[in-house]
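Visitor: Chain residues, written in single-letter form:
2 protein chains.
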Amino acid sequence: MSRAYNFCAGPATLPEAVLNQAREEMLDWRGTGMSVMEMSHRSDEFVQIAETAERDFRELAGVSDDYAVLFMQGGASSQFATIPLNLLPEGGSADYVNTGIWSKKAIAEAKRYGDVNVAASAETSGFSEIPDQASWQTRADAAYLHYTPNETIGGLEYDFIPDSGSVPLVADMSSTILSRPMDFSKFGLVYAGAQKNIGPSGLVVVAIRKDLLGKARSNTPTMMNYQVIADNGSMYNTPATYSWYLAGLVFQWLKAQGGVTAMAAVNERKAKKLYGFIDGNDFYANPIKPRFRSWMNVPFTLADESLNGEFLKGADARGLLNLKGHRSVGGMRASIYNAMPEAGVDALIDYMTEFAKERG
Amino acid sequence: MSRAYNFCAGPATLPEAVLNQAREEMLDWRGTGMSVMEMSHRSDEFVQIAETAERDFRELAGVSDDYAVLFMQGGASSQFATIPLNLLPEGGSADYVNTGIWSKKAIAEAKRYGDVNVAASAETSGFSEIPDQASWQTRADAAYLHYTPNETIGGLEYDFIPDSGSVPLVADMSSTILSRPMDFSKFGLVYAGAQKNIGPSGLVVVAIRKDLLGKARSNTPTMMNYQVIADNGSMYNTPATYSWYLAGLVFQWLKAQGGVTAMAAVNERKAKKLYGFIDGNDFYANPIKPRFRSWMNVPFTLADESLNGEFLKGADARGLLNLKGHRSVGGMRASIYNAMPEAGVDALIDYMTEFAKERG
Numbered sequence: 001m002s003r004a005y006n007f008c009a010g011p012a013t014l015p016e017a018v019l020n021q022a023r024e025e026m027l028d029w030r031g032t033g034m035s036v037m038e039m040s041h042r043s044d045e046f047v048q049i050a051e052t053a054e055r056d057f058r059e060l061a062g063v064s065d066d067y068a069v070l071f072m073q074g075g076a077s078s079q080f081a082t083i084p085l086n087l088l089p090e091g092g093s094a095d096y097v098n099t100g101i102w103s104k105k106a107i108a109e110a111k112r113y114g115d116v117n118v119a120a121s122a123e124t125s126g127f128s129e130i131p132d133q134a135s136w137q138t139r140a141d142a143a144y145l146h147y148t149p150n151e152t153i154g155g156l157e158y159d160f161i162p163d164s165g166s167v168p169l170v171a172d173m174s175s176t177i178l179s180r181p182m183d184f185s186k187f188g189l190v191y192a193g194a195q196k197n198i199g200p201s202g203l204v205v206v207a208i209r210k211d212l213l214g215k216a217r218s219n220t221p222t223m224m225n226y227q228v229i230a231d232n233g234s235m236y237n238t239p240a241t242y243s244w245y246l247a248g249l250v251f252q253w254l255k256a257q258g259g260v261t262a263m264a265a266v267n268e269r270k271a272k273k274l275y276g277f278i279d280g281n282d283f284y285a286n287p288i289k290p291r292f293r294s295w296m297n298v299p300f301t302l303a304d305e306s307l308n309g310e311f312l313k314g315a316d317a318r319g320l321l322n323l324k325g326h327r328s329v330g331g332m333r334a335s336i337y338n339a340m341p342e343a344g345v346d347a348l349i350d351y352m353t354e355f356a357k358e359r360g
Numbered sequence: 361m362s363r364a365y366n367f368c369a370g371p372a373t374l375p376e377a378v379l380n381q382a383r384e385e386m387l388d389w390r391g392t393g394m395s396v397m398e399m400s401h402r403s404d405e406f407v408q409i410a411e412t413a414e415r416d417f418r419e420l421a422g423v424s425d426d427y428a429v430l431f432m433q434g435g436a437s438s439q440f441a442t443i444p445l446n447l448l449p450e451g452g453s454a455d456y457v458n459t460g461i462w463s464k465k466a467i468a469e470a471k472r473y474g475d476v477n478v479a480a481s482a483e484t485s486g487f488s489e490i491p492d493q494a495s496w497q498t499r500a501d502a503a504y505l506h507y508t509p510n511e512t513i514g515g516l517e518y519d520f521i522p523d524s525g526s527v528p529l530v531a532d533m534s535s536t537i538l539s540r541p542m543d544f545s546k547f548g549l550v551y552a553g554a555q556k557n558i559g560p561s562g563l564v565v566v567a568i569r570k571d572l573l574g575k576a577r578s579n580t581p582t583m584m585n586y587q588v589i590a591d592n593g594s595m596y597n598t599p600a601t602y603s604w605y606l607a608g609l610v611f612q613w614l615k616a617q618g619g620v621t622a623m624a625a626v627n628e629r630k631a632k633k634l635y636g637f638i639d640g641n642d643f644y645a646n647p648i649k650p651r652f653r654s655w656m657n658v659p660f661t662l663a664d665e666s667l668n669g670e671f672l673k674g675a676d677a678r679g680l681l682n683l684k685g686h687r688s689v690g691g692m693r694a695s696i697y698n699a700m701p702e703a704g705v706d707a708l709i710d711y712m713t714e715f716a717k718e719r720g
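Protein chains in written order, with this note's numbering: chain E, 1 to 360; chain H, 361 to 720.
Just chain E, with the same shape it has in the complex (with noise of 0.2 Å):
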């Protein structure tokens, strides 16, 4: 078939310039007579790839010199641990918002760790809403506040960036990244696996301000302690080069479309017409409030369940692939990151349409 419509909440679509430009670069970059994964990191062409791929990060997202950006292995399950084994110190105690699934993981890893104070939860909304901030339990003397800006599965999101006072705030930020700007300054630490808004998978980029760096466990594993990967450019050993290096073609790709301030304007624009559609069709329904609807991912149900074997067997036949829900929601999803194209969400709207007119 030609390229589908790939609705997977990660690993995600990806823009089909970044690839044609990897398949074209394949086996010779730029005249090298090498792939770039067959490239010493120490080289000055894969230097040079991973500096302006950090620096675009940088531009895009709005992190200052303040912050170190590290581009790390073992997705943001290993950030879970990695997170409490530098920040938490033995005895002290971190406060945790519980919004979903990837925050109940988060939560769990760190209570491994030491004291959890889950300062508010979604639960008694059915995870609906995120609870207003005035409810929530945090204390003043927190090692931090770690909350999931975004939740992939059940497509919930925060509408706004909490205030944590003097206490560093810290974002799983995997399905949201580079998807709109937003006041970067006030994290403490942002993390994101890369396979949703930023590249493959095997990748994540962190960010953290620096002085948090250095405050390592004395048990931590070397290749968790930020300050060792900060303090090598995160090269302390071999890095995912390919992947770091498709992270950079998707970070010029974005600034070639105007960088998050324009992908915003789409990614709202996405957003608000498939929501729209389920909104005003009775055949579909969405059942988060519509302030913390994610722009990201979008889940839905059918109005008869029968039906889902059924919908998802003609949307594959249309090249509209992996709408299925996630196994603990059940229902569909569909991802909308920055790089599914507005017709994409138009061929699934017009699917949408005509699936309820014939079946509903």
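Calculated from the structure, these hints are not laboratory results. Even glycine gets a Cβ: it sits at the ideal position worked out from N, Cα and C. Do not rely on the hints blindly, as some may be mistaken.
What the hints assert, rightly or not - Chain E regions said to be covered by chain H (calculated; three or more residues, Cβ under 8 Å):
(1) 25-36
(2) 39-48
(3) 142-155
(4) 235-242
(5) 290-304
We have chain E already, so just place chain H on it with the hints.
Guide: Using the frame of chain E, we list chain H on its own:
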């Protein structure tokens, strides 16, 4: 330029056929309309890719069902901590053999987690030979015996598998895996960063005997717990899918070459040819005792070190790349892994002959 001969120690050259296939499949893997890097790791397509890669690896390396094969992230350097966290009980002791820079790194990290006994060291010979096993001061109650079959930087390689009795034998095979047949049943755990003989960086393949699973310390990060990774088929979180796919292509290529027996014949021929030339030419030298010379990494020096720059420049001009030795030892190093064709070694010898004639 056309494809160069890339002698980099890692990330290293890959088979041109593998890169060609990756290029062909970049935008559309077998009619799915997706790149492999855009596929859900839980999709039928990717699970098939992943399982085929594991099966081929087992077949090539001779790994029985007594072992779990894990596709992890973080490189061999992460394993330096992962191994003691999983295999060295609090208060226990482990034996290590020091044969160069990589074993030293493994030792330094292990010391952070418990008592490490350096059972033998090649330091007394200036790292020019492997100490006779009869002289090793191993302990019968060691949790494991760790060694480095091939030292990538020093070019020092074991020509035997140590006999560890009932103590599990642990090997960092990053730079020698799949280069020849070996009796896998002698090992408790084998690990290998992919970026030499397996594929791109960002992947580390671990084979662990199943009776060694389930012993991780309570504070082990979940992502470093072998039992968790094994129980989840290396998909506890999103794995490095594209690297895994490329590793699979390399395994298929290896099988098409005739497997590790055929590779061993080529590798031995390449190494003998290059060492034979070095030994027969007064202008070049290799310091390693012949028995212990690496088939994979061939360090050599020029009689006149002031000509190093000129040698490298001339090599670059001919498309013979990355011959500079590691900064810690100087001189030159030609890494001639599985993917380096014999013609690359011939081209190197031709150049070395000419350079010695003109400038020696």
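Visitor: All the hints need checking, so say for each whether the structure fits it.
Guide: Here is what the structure says about each hint:
For the region 25-36 of chain E, the assignment as covered by chain H holds, since 8 residues bring a beta-carbon within under 8 Å of that chain's beta-carbons and 3 suffice. Only residues whose C-beta sits within less than 8 Å of a C-beta in chain H count toward coverage, and the region 39-48 of chain E has 4 of them, enough to reach three; the restraint holds. With 0 residues having a Cβ less than 8 Å from any Cβ of chain H, the region 142-155 of chain E misses the three-residue criterion, and the hint is violated. Chain H is given as covering the region 235-242 of chain E, and this holds because 7 residues of the stretch bring a CB closer than 8 Å to a CB of that chain, at least three being needed.
For the region 290-304 of chain E, the stated coverage by chain H is not satisfied: 0 residues place a CB nearer than 8 Å to a CB of that chain, which falls below the threshold of 3.
Comparing the model with each earlier hint shows violations of hints 3 and 5; every other hint is respected.
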